[in-house]
Amino acid sequence: MDKNPAATPAASAQDRAVQTLDTIRSYHAHIYFDNQAQRQAAEALRDEIAQRFPVLLGRWHDTLVGPHARPMYQVAFAPSEFARFVPWLLINRRGLVVLVHPNTGRPRTDHLEHALWMGEVLDIQNAQRLPDAAGPEPAIEPNTQPTVAP
-4 MDKNPAATPA
6 ASAQDRAVQT
16 LDTIRSYHAH
26 IYFDNQAQRQ
36 AAEALRDEIA
46 QRFPVLLGRW
56 HDTLVGPHAR
66 PMYQVAFAPS
76 EFARFVPWLL
86 INRRGLVVLV
96 HPNTGRPRTD
106 HLEHALWMGE
116 VLDIQNAQRL
126 PDAAGPEPAI
136 EPNTQPTVAP
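Going by the numbering used here, 61 is the number at position 66 of the sequence shown; the sequence numbering is gapless.
If you're looking for bench data, these hints aren't it; they were derived computationally from the structure. Among the hints, erroneous ones may be present.
Claimed, not checked - Per label pair, the in silico range of CB-to-CB distance:
(1) W112 to N30: 17 to 27 Å
(2) D42 to V81: 12 to 22 Å
(3) A12 to A144: 35 to 45 Å
(4) Q31 to N121: 35 to 45 Å
(5) R124 to A144: 22 to 32 Å
(6) V60 to A144: 26 to 36 Å
(7) Q35 to V116: 35 to 45 Å
(8) Q35 to D127: 32 to 42 Å
(9) A12 to R34: 36 to 46 Å
(10) G130 to N87: 17 to 27 Å
Backbone N, C-alpha and C define an ideal beta-carbon position, used for all residues, glycine too.
Whenever a hint applies, use it, and build me the whole structure from the sequences.
Structure, rendered in structure tokens:
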């Protein structure tokens, strides 16, 4: 059953066209938590990420924000980090739910159809409010200083 009613099986011409990898301008990983124990796990994971990867750690959202169904924080990262960061996250996510999506300039499609979920697949809330198209994402300027190899 499709948990995202805004996602439709009928693909647009743009969705059917083969897209080049340079369509992906950056990625976001959303790290979700649902209670105090999970928030503590998310804090530890955030520290581990900061020690290992040149990423942009976003603010904590202890209440729902945007289309996200749980409290979370965002990790923004460059396409060049995907091959190191995502596999590391797969095996070190501490049981937390994680959404990874590209930023292609199509936020609705990126969250609904280009999504990679680790753990439970959560509903995307108010998906119809996500724009079909958006301007370019700002360049990723890491706010971490990695000192440990992944």
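Could you work out which earlier hints the structure fails to respect and list their numbers in ascending sequence? Checked against the structure, the hints that fail are numbers 4, 5, 7 and 10, while the rest are satisfied.
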